Structures are given as structure tokens and as C-alpha cells.
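Peer 1: Every letter in the sequence shown is one number past the one before it in full-length UniProt numbering, and letter 196, counting from 1, is 196.
Errors might be hidden in some of the hints.
Quick list of in silico lysine to any residue cross-link-like pairs, SDA-like style, CA-CA up to 25 Å [claimed, not checked]: (1) K373 - V914; (2) K772 - S730; (3) K498 - R448; (4) K108 - Q62; (5) K890 - V848; (6) K525 - K579; (7) K826 - S856; (8) K52 - D143; (9) K186 - R206; (10) K543 - P616; (11) K884 - E900; (12) K75 - V933; (13) K35 - S112; (14) K772 - H307; (15) K52 - R33; (16) K490 - S436; (17) K543 - Q564.
Ranges between beta-carbon positions, derived for each pair [to be verified]: (18) N766 - I317: 17 to 25 Å; (19) Q564 - P717: 53 to 61 Å; (20) F362 - A716: 30 to 38 Å.
Everything labelled a hint here was simulated from the structure, so no lab data went into it. Fair warning: this is a prediction, and the values are worked out from it, not measured in the lab. Glycine included, every Cβ here is placed at the ideal spot set by N, Cα and C.
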Amino acid sequence: HQTLCITSIDFQRRCLFGFVELRVLPLTSNLNRLKLNCKQCRIMRVCIREEKKEDWYEAGFQLEDSNRPVCPDGKKRNLDYFLACQQNAVSSADPDYGGGELVIRIPKEVLSCAMERKQFRVSIEYSLEHPDSGIQFVTPKGDGTMAQRAAHLFTYTYANSSRLWFPCVDSYAEVCTWSIDITVDKDMVAVSCGELVDQVFTIDERRKTFHYALNIPTSAVNIAVAVGPFEIYVDPIMPEVTNFCLPGLLANLKHSTAFLHDVFEMYEENLSCRYPYTHYKQVFVDQAYSVKAAYASMSIFNTSLLHSSRIIDQTFITRRVLAQALAEQFFGCYICMQDWSDAWLCSGIAGYLYSLYVKKAFGNNEYRYWIMKETESVCQYETDGPGLPPLHSNMIESTANQSSSSSQHSPRSAAGSSIHLHPHLTSVKQREVAWSKSHLVLRMIEIRIGQEPLLQVFNKLLSLANTTAQPKVDSSLWRNLLLSTSGFLKSISTVSGKDINVFIDQWICHSGIAKFHGSFVFNRKRNIVELDIKQDLSKGTVKYVGPLTVCVQELDGSFNHTVQIEDITSRHELPCHSKSRRNKKKKIPLMTGEEVDMNLDAMDSDSPVLWLRIDPEVTWLRQVSFEQPDYMWQYQLRHERDIMAQVQSLVALERFPTAPTRDALMDIITQKECFYRVRQEACMCLAKVASASADSWTGQTAMLNIFKNMFGSKSAPQIIRYNDFSNFISYFVLKTLPIAIASVRNIHSQCPREVVLFLMDLLKYNDNRLNKYSDSYHLAALIEALSATITPGVAMVSTQRLLLVKLKDDTQLVLAEVIRRLNLEKLQPSYRYCVTVSCLKALRNLQVNGQVPADSVAFEFYAGFGHFEDVRCSAIECLADYTKVEVSEKTLNFLMEIVEKDPVPYIRHHTLRVLSDNPPFTRKSDSPLCTQVLVERLWHFMWSVNNTVHDWRLRCDAVDLYSALFGRLTPSCVPSQGMGIVIDLKEKKIMNLSPLP
Numbered sequence: 001h002q003t004l005c006i007t008s009i010d011f012q013r014r015c016l017f018g019f020v021e022l023r024v025l026p027l028t029s030n031l032n033r034l035k036l037n038c039k040q041c042r043i044m045r046v047c048i049r050e051e052k053k054e055d056w057y058e059a060g061f062q063l064e065d066s067n068r069p070v071c072p073d074g075k076k077r078n079l080d081y082f083l084a085c086q087q088n089a090v091s092s093a094d095p096d097y098g099g100g101e102l103v104i105r106i107p108k109e110v111l112s113c114a115m116e117r118k119q120f121r122v123s124i125e126y127s128l129e130h131p132d133s134g135i136q137f138v139t140p141k142g143d144g145t146m147a148q149r150a151a152h153l154f155t156y157t158y159a160n161s162s163r164l165w166f167p168c169v170d171s172y173a174e175v176c177t178w179s180i181d182i183t184v185d186k187d188m189v190a191v192s193c194g195e196l197v198d199q200v201f202t203i204d205e206r207r208k209t210f211h212y213a214l215n216i217p218t219s220a221v222n223i224a225v226a227v228g229p230f231e232i233y234v235d236p237i238m239p240e241v242t243n244f245c246l247p248g249l250l251a252n253l254k255h256s257t258a259f260l261h262d263v264f265e266m267y268e269e270n271l272s273c274r275y276p277y278t279h280y281k282q283v284f285v286d287q288a289y290s291v292k293a294a295y296a297s298m299s300i301f302n303t304s305l306l307h308s309s310r311i312i313d314q315t316f317i318t319r320r321v322l323a324q325a326l327a328e329q330f331f332g333c334y335i336c337m338q339d340w341s342d343a344w345l346c347s348g349i350a351g352y353l354y355s356l357y358v359k360k361a362f363g364n365n366e367y368r369y370w371i372m373k374e375t376e377s378v379c380q381y382e383t384d385g386p387g388l389p390p391l392h393s394n395m396i397e398s399t400a401n402q403s404s405s406s407s408q409h410s411p412r413s414a415a416g417s418s419i420h421l422h423p424h425l426t427s428v429k430q431r432e433v434a435w436s437k438s439h440l441v442l443r444m445i446e447i448r449i450g451q452e453p454l455l456q457v458f459n460k461l462l463s464l465a466n467t468t469a470q471p472k473v474d475s476s477l478w479r480n481l482l483l484s485t486s487g488f489l490k491s492i493s494t495v496s497g498k499d500i501n502v503f504i505d506q507w508i509c510h511s512g513i514a515k516f517h518g519s520f521v522f523n524r525k526r527n528i529v530e531l532d533i534k535q536d537l538s539k540g541t542v543k544y545v546g547p548l549t550v551c552v553q554e555l556d557g558s559f560n561h562t563v564q565i566e567d568i569t570s571r572h573e574l575p576c577h578s579k580s581r582r583n584k585k586k587k588i589p590l591m592t593g594e595e596v597d598m599n600l601d602a603m604d605s606d607s608p609v610l611w612l613r614i615d616p617e618v619t620w621l622r623q624v625s626f627e628q629p630d631y632m633w634q635y636q637l638r639h640e641r642d643i644m645a646q647v648q649s650l651v652a653l654e655r656f657p658t659a660p661t662r663d664a665l666m667d668i669i670t671q672k673e674c675f676y677r678v679r680q681e682a683c684m685c686l687a688k689v690a691s692a693s694a695d696s697w698t699g700q701t702a703m704l705n706i707f708k709n710m711f712g713s714k715s716a717p718q719i720i721r722y723n724d725f726s727n728f729i730s731y732f733v734l735k736t737l738p739i740a741i742a743s744v745r746n747i748h749s750q751c752p753r754e755v756v757l758f759l760m761d762l763l764k765y766n767d768n769r770l771n772k773y774s775d776s777y778h779l780a781a782l783i784e785a786l787s788a789t790i791t792p793g794v795a796m797v798s799t800q801r802l803l804l805v806k807l808k809d810d811t812q813l814v815l816a817e818v819i820r821r822l823n824l825e826k827l828q829p830s831y832r833y834c835v836t837v838s839c840l841k842a843l844r845n846l847q848v849n850g851q852v853p854a855d856s857v858a859f860e861f862y863a864g865f866g867h868f869e870d871v872r873c874s875a876i877e878c879l880a881d882y883t884k885v886e887v888s889e890k891t892l893n894f895l896m897e898i899v900e901k902d903p904v905p906y907i908r909h910h911t912l913r914v915l916s917d918n919p920p921f922t923r924k925s926d927s928p929l930c931t932q933v934l935v936e937r938l939w940h941f942m943w944s945v946n947n948t949v950h951d952w953r954l955r956c957d958a959v960d961l962y963s964a965l966f967g968r969l970t971p972s973c974v975p976s977q978g979m980g981i982v983i984d985l986k987e988k989k990i991m992n993l994s995p996l997p
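Construct the entire structure; sequences and hints are all you get.
Peer 2: Below, the structure written as C-alpha cells:
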């Protein structure tokens, strides 16, 4: 058991005081020292007493010097050296392997108790002053008390980093019960994990103490606290759910969380198990570390997720985020991982449960579209990015040297198997992709054993945990609250009776994806399809051996064939069930059982094959490229009911800018029954096809006619109807079609003037007075469309700060509208300032294309502290692009100032991520920005106490940026140590041609 008591909080000084009390049960008889985790806390006193005695004995202690640098050698600038030092630093304090920053010497008066393995108590008084990480004080400027100014605080953790705000055993594997007491001002509310037992005022009634009890064994990692003048809303349908928000947001809170009882019901029904905690609390805060963070019985969210009933776009995002956090309550908080190698499993199961919600709430099409995009992102990261390590570490050492997906830009290569995928050593982007892969692997397991057996496995895990979590259960059984990969796979084998060891070895213990390229010919004499499949074994891929499904759509229906892949290149004969079109039926049966009429004039009269698909259900992590005639892609787009197949055909049809392709695309865009995302992608595909055939077809005219027919007024089609977004499908198409029209280019690679005027009219005649929904995102999309009309102009080069430029008429229209909308945003801001975000991107696009002089002043203004988070992020992205294109040292220094000093942790993180994704230079380029000053600044930032020593996410971001800029060896701009220096006597300078690591 552990007691956490926060006795005082000072918002003005950004500090708190408190103490913790741990009940320790020795497992060895020679225990004379106790190691705990504690960082950036000031320890004032440590006392220990035996469990059944009243006398406390003061204990000596030693707190690791937090000022100690990560790298002892101050001269090396080698990234591999830094990563090795970083791993050593993390390992030395890892509680799973006997590490810890706080070493407590057990007093001799209590040693006999420890030798007899009897329980004793440890009390630690501490303070936390001006924390760098782990807890965020939000203190808005203004008059009045802290409560009147909506000052609040909340804790946050990046994996196991609770040590940053209270002494504890900071490990997922060490669970215990909790008592949490928080004393705050009378106008404040304290929220924490567990059940609120009591709320007591002090004698002077100026402060009050909230008493929480968490009787379910929980790790310190899953403990959190939030304090502020929160408005409280108890869910009217589920009183167990309580929501907290900042003053003035209660109406939005009620609407944003109204759906949550449906998510509870769905999860409990699928798991055949009730929610494990007695209560669930949702807290919405400003300056959140991440958009969501799940802890035991509570979750902390970014307040920007809240929205009113007038907002359409944010509704889908908010529901997804809240549903995902609730899934993590079951697996991640209640049942957590046993070891870092099992981290993929908790996230994978939570992601799988969340996917079931997506399917139920948003439909099967949205679910399949999401699965397709997740698969694409994982595959792209494996092949084009640094790549992923195996999800589980059993095979990591034996495959480290031969894996084709070894990372070159992440700290994972320095980590051993004992801290496999440790978040303090792993790139944030890599962790995100690994979690995506985790739930995809769980889906692959579901395909092999069935959904019911898989849900039975989850139920079995929860049932064991429920039994263990009961009061008075022996703590030795608490291991059932920890989830291991081996135990999970054993449960699968027991419940399903199926052997999936080959699958486990390929997709969990090894990394990489399968990459197929297929083509076919139809053998008319034998009435068979001769299918050739070739595997690509380039970077990030592995040779796949096993079954593969091929779906052939014929005149008589859709038929699945299972082929066995053994070699890199293989040929397979697939018998056809239909004869040629001379013997065709009147209607063609599809895979869904539906029969449709098709115009078969385009197809080969001797072939019954309409189209082919490889692995249509995405049963593997794979990339597939397939060759078939354009008319087959057109048939597939028009008549296939699987949206994955339709999106695949859209990608393929970009290569066939023909009249039948255009007709098929226009049919899909105007087809109201078609899935809206397919219609959106068809709009963008038609724009590319129209630009490619500009010499023979006026694409913008046809697309303008489509828009007028769909959204124009009946009496005057050139004028858009008043806004009515009650049909969400039409709303999303309405947002996308103008952007697609603006992307069309004529034979001179210019956007026609009529398109610019058309978009200006859309903005002019936009009428939202009778619409019950906000048009904020619609206006933002129109600004984005205006930006898409911009084409490259004459480059402007000048040494003068101020430059008068004669702008083109179209550019004047666009620029004037962008500036006007930016000014209107100050008077009547859009939701989440989405119009401002689009305007900033449009302004940067004007600069990139040479239509206006490049300047960073506006972006620096909007990137400053005080603007809304989305606006700041957009401005920072523009500044990063400006730095790269203009090679601006001044702007790079400005961005580094944000990274080093900004008070919002997410903004610092986002800035580094943007610079890593779009680096101002790379190690292979000869840039004047590549200086020793920058190397020293970034290197110092990575290990300095005042920067990243307490924020591991930020340190990993900095490592990613360092790798993107300079690579893993010593940067070329740094003078070599020792040999390797070449002196050019003629030029009288030192050339560092071959820097040594």
C-alpha cells in the first residue's frame, strides 16, 4: 500500500509540498537498503518504522545528483556514443532491475524487522519546486484569485515517469493499493484516481482536503492528479462517470461527452465483463502534454476536444479519442504490461477494442478505411522510414544485425532486449507506428482464430484480474493484473485450440512487411487465369511464405482462391467458373450477393474476368501493387462494394487519364450511395487526371458543372445555395470538391482565372444564417482551395528589407482574401481558429511559389505564446519550411528558442517533430546552417539538466533531429579529435575531410 498526500499547492511559486508513505514487504532477509525512484523532488526527511510499532526512526538517504550529465565525455559529438550513455542512464534507474535514484539506508532499529521479512513503513517528506516536467502549472495572467483566473495543474507521464512528481517505485510491474489526499484552496477541486471517500474543510475553512481511495492494485505509473476550479458534470445516464472542465465550457462538455454511455455498454458487452473501477473521471485541461492520457479510473484530455452541437468535424475526432482512452482503462490501466517487451500487447488489445467501437459507431466502411490507412502508414514507415524493431524482444538480439528494417534515426538501436522499446529510448514516431502495428497484429490473430475466441481470451484475463483485485487477496496473486506475451499466447492456444506459433514468429518476434507485385494473363483455351506474384525484398521487407487469398470477380460471381507462396517469384493457375461474355447472365453477382447491371463493352469478349484482387481482406501486413487493364480498374471502382478496392482502383486510375476513367470518376463523385471518403478521393483523383489530359479535355469546366449541379441554386446555378449541412456526406464532399477544382492545371500548368473567380464567389455568397451547423471548417477548406490555385511565379530576389512588388491580378485577389479572413478572425474567431490555420498555410504557399516576397514576421507572431495551440503549430510548420527554403539562421534560432524555453510541453515537442520531419538541411547537404554552434546547442540540449533531463519525450525528439541533421557519426563541421585532419597549405585552412567518431 502507498499513501500520497499533497499538503500544499502554491500556483504563484509553481511548487507543492507533500509526503508519501509506503508499506514495504521484504522479499530477502539481507535487505539493508531500499531503492526508490525520485527525480526533481527535494527530499526533506525520510523516516521508517515497523508496521505494528509507533516509533519512527529517521533514515539516511542519498538522492542521485540530477545535475549529472548523461554523457561524461564532454568532447564527443557522436550520436551512437550518446545513445549508449542514455541507455546506461535509463538502465541504472530502472526499478525492474534494481535501479533507483533515491537510496534509503534502513536504520539499525528496523533491520531486524527486514531480516525477518516483516512489513515496515517508509515515510518521505518532499517538495517540488519549479518542475521542468511531470506536472504542468497553468497560471493565466490577469486580475483576481487563481480560481478566478482558471489556474489549474495536472500531472502527466511519458510511460513510467511518475517519479518526476512524487517518490515511488516507478514500474508497471510493481502494483499496490493507494490512499491519495490532496489539500487545495476552497475554490479549487482536486481530482485523482480511485473513489472520492471524503471531502473535509480545514478549521479556518480556507482550504479543503479531498480523500481518494484506490483499492485495486495499481502501479505508480497509472496515478495522476488534477487541481483547478473545475465545473463538474455527472453523466445523467451513468452516474459513475464524472466530467470536469474549466469554467465556461460546461455546455460544450455536456455535448461532447453525451455519447460515452454507449461506449461503456459496447465494451462491457464485448468483453462480458463490467468496467473494473467503481467510478470513471474525465478531466479536460489546457496546455495538455498529449491529446489524451489514461490513468487508473480517470483520463486527462486536452480541452480543445470539447465542442458544441454546431461543430461537425470535431465530433468524430473527439468520440474516437474518448473511446480510445476508455479502452485503455481495461488494458493499460487495470491490466498493465509485465515487462517492456509486453508493451505492444496492452496497446494492441486496447486498440483492437477501440476498433470494434469504430466499426459499430461509424460503420464498417469507416472501419475498413481506417484499417487500410493504418496498414499503409506501418508499411511506409518500414520501407521508407527508419523501420520498426520486433514487437517482442525474444528474437531481437539474433536478428539485430540482419533485420532489413533497422533504424538509422531512432535511439532504439542502443537499447538491449531488457529494455526493448523503452519509451525513454525510443522515437515518439516509432512508438506510434509500433502501437498501430500492435492492433493490426491483434486483428490478424482475430482473422485466424475468430472474434469470439479472441474475446473469450480477453474475458479470461479480466476474470482472473477481477478475482485477484478483491480485498484481502494475497498480494502474491497480484501478478494476474500483469499481462505477458507468453501468457496471452498460451491463453489463445487454450481457448481456440489453434497453433499460431509460425504467425507469432513472423509478425511478433520479427520485423518487416511483405511486399507483393502481381500481374496476370487469361488463358482462353484452358479458361484459367495465370497469376504471377513477385516479392520485393528491399529495405523493410521480409520474404513471406504461406497462404495468400486472391479474389477473382467473374461474370458469374466473385470467387476466392487460396494460393501458397513459397518462393520470391511464383506462378499460379486459377480456374475460372464462368465462360466468356457470350454466355453471360443478364446481371452480374458481386461478392456481397448483390446483382448489378454492367456495361461490358470495354472488356475482352473472350474473357470472363472483370477484375482481380490480392489479399482483399488485408489479412497480412503487406504492400500490394497489381497490374491489370484500365477498364478492369474502372469496373472495380464502379461496381466493387468494398471501399478498400475502390480506393485501390483510384490510385491505379491516376495512371490512365482517359475518357472512360474520367466518366467513372465523375459517376463516383455524383453517386450519393457511395462512401463519402471514396467520393472525396475520387475528387482529387479527377483533378490529377484532368491536369494530365489538359491538352484534350477541359477538366475544370466539367468539375465546375458537377459542383453547380450538386450545390448550386436552382434559379442561378453559378451561385451556391445557402448552407445546409444536415447531410454530412454532402458536407464533406462540399469541402473537398473546391480544393480538387483548384488543383486542376491547364496546358500551361496554370490554374485558370475562372476557377479563382469561382472560389471568390463561393466565399462571397457563403450564407450560414439558416444553418444549424458551424461553417468554420467549410471556410477553412475554401481558403485551402484558394491556396491550391497558386502556381509558381517569377522568383523575387532582393537585398532590401521592404520591397514593393507588382502582383498578378489573381494573386492580389487571393492575398487580399487571406488577409481579410485573418483580420476577421480577430473579431469573430472560427472554431479552434481553423480559418487562421488555413490562412497561414496559404500565405506560406504564396511565398513558396514566388508570388509574394518571403518573410517570416507574420509566422513568428502567430507562433508566439498566447495564441491558440493549433495556430501556433501551423505557424511553426510554416517557419520550419521557411528555414529550409530560405536557409535562414535567424528563423532557425527562433525555433530553437521555442524548443528550449516555451512553457507549453506539447509545443516544444511539436517544434522538434516538425524540424525532424522537414529538416533545414541533412548530413549530405552543404548548408551554411550546418555549423559547430548549432551542433553544440543541440548536443547541450540533449543532455543538459535545464532542458531534457526530465522530459524523455523531448530528449528522444532532439535525438531524432540530431540524427536527421548530422547522422550518427560526428558532424563534419566539428573539428576531429586526434588524427584525421588535412591541412591545405595553399588555402591556409584546415579541412575536416574524414571526421573520426
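Peer 1: The structure should be examined with respect to each hint, and the outcome stated for every one.
Peer 2: Now the hints, each set against the structure:
{"no.": "1", "hint": "K373 - V914", "result": "holds (21 Å)"}
{"no.": "2", "hint": "K772 - S730", "result": "holds (15 Å)"}
{"no.": "3", "hint": "K498 - R448", "result": "holds (9 Å)"}
{"no.": "4", "hint": "K108 - Q62", "result": "holds (17 Å)"}
{"no.": "5", "hint": "K890 - V848", "result": "holds (18 Å)"}
{"no.": "6", "hint": "K525 - K579", "result": "holds (11 Å)"}
{"no.": "7", "hint": "K826 - S856", "result": "holds (20 Å)"}
{"no.": "8", "hint": "K52 - D143", "result": "violated (51 Å)"}
{"no.": "9", "hint": "K186 - R206", "result": "holds (6 Å)"}
{"no.": "10", "hint": "K543 - P616", "result": "holds (20 Å)"}
{"no.": "11", "hint": "K884 - E900", "result": "holds (20 Å)"}
{"no.": "12", "hint": "K75 - V933", "result": "holds (14 Å)"}
{"no.": "13", "hint": "K35 - S112", "result": "holds (19 Å)"}
{"no.": "14", "hint": "K772 - H307", "result": "holds (14 Å)"}
{"no.": "15", "hint": "K52 - R33", "result": "holds (21 Å)"}
{"no.": "16", "hint": "K490 - S436", "result": "holds (23 Å)"}
{"no.": "17", "hint": "K543 - Q564", "result": "holds (13 Å)"}
{"no.": "18", "hint": "N766 - I317: 17 to 25 Å", "result": "holds (24 Å)"}
{"no.": "19", "hint": "Q564 - P717: 53 to 61 Å", "result": "holds (57 Å)"}
{"no.": "20", "hint": "F362 - A716: 30 to 38 Å", "result": "holds (36 Å)"}
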